[in-house]
Amino acid sequence: MKEQELIDLIEKHVKYEEGSIEVYAPRKLKFILKKDDLVDTLLFLKRNGFVQLSFITCVDWIKDNKFELVYGLVSWEHKLTVLVKTFIDRDNPKMISIMDIWPTAKYYEQEINEFFGVYFEGNPNMSKELILENWDSMPPLRKDFDPQSYSNEKFEIRIYDYKMEDKKKK
Amino acid sequence: MAFTIGSLIYSGSIFSVIIYLLTRFSVKLGSIFTTVLFGLYVYAIYILKDSVSISFIHLPGAYNLTFKADLFNWPFLMIGTIVLFVSALFSIHGLKSFKSAASFNFLSVLVGTSVLGVFGANDLLTLFIFWELMTWASFFLVSMGKKEARSAALFFLFMSMISAYLMIYGMFLVYNKVGSFSLDVIANNWGDLSDIRGRLFVLFVLAGLIKGGVWPVHVWLRTTHGNAPNIFSSVLSGILIKFGSFIVYLFVVFFPAFYLTTKGVSSVGAEKLSHPILAYIGAISIMIGTLSAIRQNDFKKLIAFSSVSHAGYIVLGIAFGTGSAILGGLSHIWVHALTAAGMFLSAAAVYYVTGTTNMDEMGGLVRKMPITFTTYLVAIISVAGIPPLAGFVSKWLIYQALIAKGNYLLTFIAFFGSVGSFLYVFRPLATVFLGQLPHKYDSVKEVPWSMQLSMLIVTILTIVFGVFPSFMLKPIIRIEEALSIPTVKIEGYSNIYTMLTQLDMFLVAIIFGIGFIFVTILFFLLAKSTKVEQYEQYTAGEIVQEISTTPEIYHYSKNYYRSFERVIEWAPSLEEYYRIAARHISRFYDILDGIIFKSGIPMYVWFITITILVLLLIRW
Amino acid sequence: MGEIKALQLFHGPNHPGMHGNFSVHIKVDGDIVVEAEANPGMLHRGFEKLMERRNWMQNIALILRVCVVEPDINEAAYSMAVETIEGMDVPERAQWIRVMILEMARIANHLMSLGGIGGPTGLYTGPNWALVDRDLILDIFEKITGARVYHMYIVPGGVRQDVTDEILKDLEKVLDDIEKRLPEYRELILEHPIIQKRTKNIAVLTRDQALSWGVTGIALRATGVDYDVRKYDPYLVYDKVEFDVPTVDFSDAYNRLWLKYQEIYQSIRIIRQVIEKMPSGKVREKLPGNALKWRVKKGDAYVKLESARGEFGYYMVSDGGTKPYRVFVRGASYPQGLLGIEKGLPGTRLEDVAIWLDTMGVCAPEIDR
Amino acid sequence: MVNMIILAVVFVIGAFIFQVTLSGFSRKVVARIQKRRGPTVFQNFYDIGKLLFKESSISHGFIFDFGIWMALGSTIATLLFMPVGGWALMPKYANIIVIIYLLAVGSLGMAMSAVGSGNPLASIGVSRALTQMFAYELPFVVIAVLIIYLAKSSNILKIIEYQTQNGWNLFSMPIGALVAYISLMGMLGKKPFDTPIAPAEIASGPLVEYSGKYLGFLMIQHEFATFIEVGLFVHLFMGSTSIIGFLIKYIIVYISAVMISSVMARLKIDEVVKFYWRWPLGLAILQAIITLGVRF
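Chains as they are written, first to last, in this note's numbering: chain L, 845 to 1014; chain P, 529 to 1148; chain U, 70 to 438; chain W, 231 to 526.
Do not take every clue at face value.
[To be verified] Pairs of lysine to aspartate or glutamate residues, derived as EDC-like cross-links and limited to a Cα-Cα distance of at most 20 angstroms, are as follows:
(1) K987/L - E121/U
(2) K265/W - E256/U
(3) K118/U - E997/L
Calculated directly from the structure, the hints in this document are not laboratory data.
The following block holds chain L by itself, in its conformation from the complex:
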């Protein structure tokens, strides 16, 4: 399948946002949808050959007060890659889990939950920690998280005292 055929297919069946379909590189497309259409669209794409979920990730658009969720799908049949994007509200970030469609989504969603604070309904791992241990601050990949102040607050500032070291050696 060529890129154009896929675009036709999507235009026919998917409620995407006007003008958002773009072929940004050979064999690679992206388009944006409404949050509520996402699951149906993903199911539709899976039925049409996009059997592999490559990744799920999130972008924090703090100025628009939005989170952008990006789902990367790959079709081996068509040799195409599609990025399906959707925006969700930043103040109440909630999304439906797609674990039932692609089991592998479980950990991607858990990671996004940990780093951005997006809650995926239906994912059992939501409150568990994956990578960050005993984390008690704001999800760190949000744009308003400041690593410098966090580290100043959490860790005491150590100044290397070379004179003491010299004394020890003697």
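Fit chains P, U and W to the given chain L structure using the hints.
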């Protein structure tokens, strides 16, 4: 005061009632009294060492029970009474939470007298009567145990019945022929019994094998030992299954050799005493016992199967028939009586504080129970046949005999059992005593002093008999010399000469001690080590607080030999076949039962009838 | 009773059977794993956050530290993503050189993991030999880029410097050398009866499992799916070179090793073609203005490559500033390292856990980032 | 008596120096096979010295210590029974059965100490070690018993004497020698039979909790045990009375075992059992049949 077996049994039966009443009054007092009585037995038997004493108990009617204590049965009496004494001592505190302590003590005194009666019998009828006394007493004792104990006891009774009927039939055969039950008379006429000798041999030896827990009739051991009251298990395994060995000894060694000796044969050749088929049965028993023991998860069932394996060694040694093999087999009775007592007593001690015998529920108990651990450790070193303890001596003698004859298969199997025993004896050591101590046992304490003392006695005896084997071997060598069986030479307390080589257990112990002390001194000379808590472990670098990893799940105890079991899992289980057969038979009985009887006792009547029918079929 | 009493064990992070700071908590019954849970996070360095705080060019020094054994794939993916967003053209010769570098890295990586099976199985001669041969490739890297492991060679707009003919000749010699020695590996490892016993029918991955976990790379190709990004979505000049994608129908540990072994041959073949067909010309497009003040156009792109462990990609977003707005690294071993461990390890023997992790290519730093 | 003690001390120290140097040399050999340079020949001395005199070591309780004393003590005791060439400290008691079983005390001590540390990995390792022992002892025993039977004595010196009269057992029973050699590999824990201490699976199993002087003691114990086991093989199959000859044969046997081990991978424990009970055991029985058939 001159003791005789008869007077001891008299006193035993009188005291049994007193002890019963005493125990009703106070459990501890009753048990102390039992202990004193059995202590008296030990003392009495000990001073009977070099004498021949014949005694009677007059029964109303024409018949008298006759007893004899001489060099031929002295070793059996001695070790029997020692084990009785030790387990009685253990029961002083061990019976505390026991519901029917009075009956327990009453019955164990009866068992005690039956031990004297069987080993000290001078005729087959006396032997049989006490044999049955023991069966009934143990039946009630066993059924006092765990939940499944009742069915186990019934099974035990069933097996005992078979063996009893075999014996009765054999006794009548003998009586018809020689007109007496007396052992001496039978022994003197053994040569003239040639037409019934084969049948006699099969009947009695089979009866002995059933009681002795030898393959293929070992199946009762697991359920019975596993479910019997813990204190009684040590007597059951230490002494009562030795009754079987005793019968085997009588018919394989004593009668033929005695007969030949009285005929004036200067040296009884090995061929005349060897019974290859019996020896192979013993060998199979070693293998089956070992492999089954490796698969057990229950502490006591594991020891029960080790008893099967060691009964195999005894039968193998006795039936192989050369001087050193018989010596090995008979001394193994001593060794196993002590080690089985040691193992079962430590299991009982563990049960006393934890309330379970499931090995995967325990761990790390050595921190709380060092004496119990030591007892178990010494017992298993002896069981595995590692020098310088007693188990090595008897097994070594058996190996020497087998190698000298060039019998590879049996040698191989004997070694098989020995190496295999490392596996099964280590499992409780690792899973019960070592490893992580679960929190629920944080507050347990070592068992009371009487238990410790009795375990210590067993431990010390095992060590003494190992380092100075002559204490154990001399009495048996005396038997062999009296029976003109060529035997091994023993010099001093510890130096043993066989055809192939010589062994000095004391020297081995000394050298071992030197190495050990040297290393210990070196250890303390070097920098002191830091002691850490039990949960401070290498956890592959994970930071694990104790909360997330409780000792219960950080202790390797479940399916300890899973990978080895995988190798042998194809092997058919005889027990399974028996169970299938039993299911079919019981279905048949159910039908009959439904027609003729309603419930309960009829079952037993059926056992009797069927057994008698079987016996009749053999006769005609 | 009810509850299964199982033994808790920790496989990693400081464990001889584990590469990288990564831990698997396993529950064992006897010697069978009944429950497994991956515990990543010990190697988390916050790359994605760090990149947002650094210039487009500064990040070059950072990203290759995502994966130790195969750093070049990061440089390539990052540079290509930047180029895609910016719409930059890369000089032809640079593309050929990139292919060469990536394939060399693949050989080095495959050699290491092929010999590396000696770790979990105890054949320590394997890894030692493999390291010796890998060193030959590192020597060439040193000649080309000046560094042995972290090269920082592939940059947006091309590669840092040109490759001389002398180096290419050396490279050819090294390739001949390795090709000559590969049969020795076959004899030592792949035909070793005990290795065969330890790896055949072990750590089996079915096609359904591979699809539902999203596994890519060799583990997937061993189930019979010939999905290789180089063929399916050719990047650089992979459509101009000839090579095969070896596949087998049964994904067990042995077949995965076998595929690695085959892929080394294919990589050698590709490098030879590169050396032969490489055009001359410049190797780097000059960036407009000061590189440290370079602004990339607004936009986003997902670029994926075929790494030694599977599909490896970068999703990058630029808001038109001097720094990336968001970088997401799609580690190739993410699916098998988390979901795969949870679903795949139970039922495995304790002895095979290390083999499972090793041949499935679980790479901790890709998961943590 | 004093003479005996001096001899014993000289013997133990001599055996120690010989075996530790040799194992250092074997590391060199392995390094060459693996295309490395390898450490110096005296590396093992440095290692043992460093470990013994380390100031910090971790103890996990009394059993942990006690097992170590038992392990090393009994191994040294076993060594004293061991003849070298035609010489033995106690010629009358150089009994092969005693040696095999006394060595087991060392294994038991080590197993106890390892499990006493409370680490489940050690426990798994010990369960494997015992299983492996069960596997390799049986074929070895069949052959050893055969030799004892032929020599009509279980005294090693008598077995050596028998061989000086009738030629090496290596030539008269080659299959048996092969079987014993494979069993020896298992005893030494050389690959493919290093399953009990498999590092990648159970992080070195029994050794996992040892450090400092404990590990040093265990290394010494291992060296002595190696001396006994390899020595036993040499005596049983290549017996001769010369001490130098013994040492040369010892080196050949040991280094060949190390070389074979360096190109082997590790078997799983149940495969170890299956292997030993299928091939070496079968061959051992075959050898017994052949030997007995030839003789009678």
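Each hint, compared with the structure:
{"no.": "1", "hint": "K987/L - E121/U", "result": "9 angstroms, holds"}
{"no.": "2", "hint": "K265/W - E256/U", "result": "17 angstroms, holds"}
{"no.": "3", "hint": "K118/U - E997/L", "result": "18 angstroms, holds"}
Every hint from the earlier list agrees with this structure, and none is contradicted.
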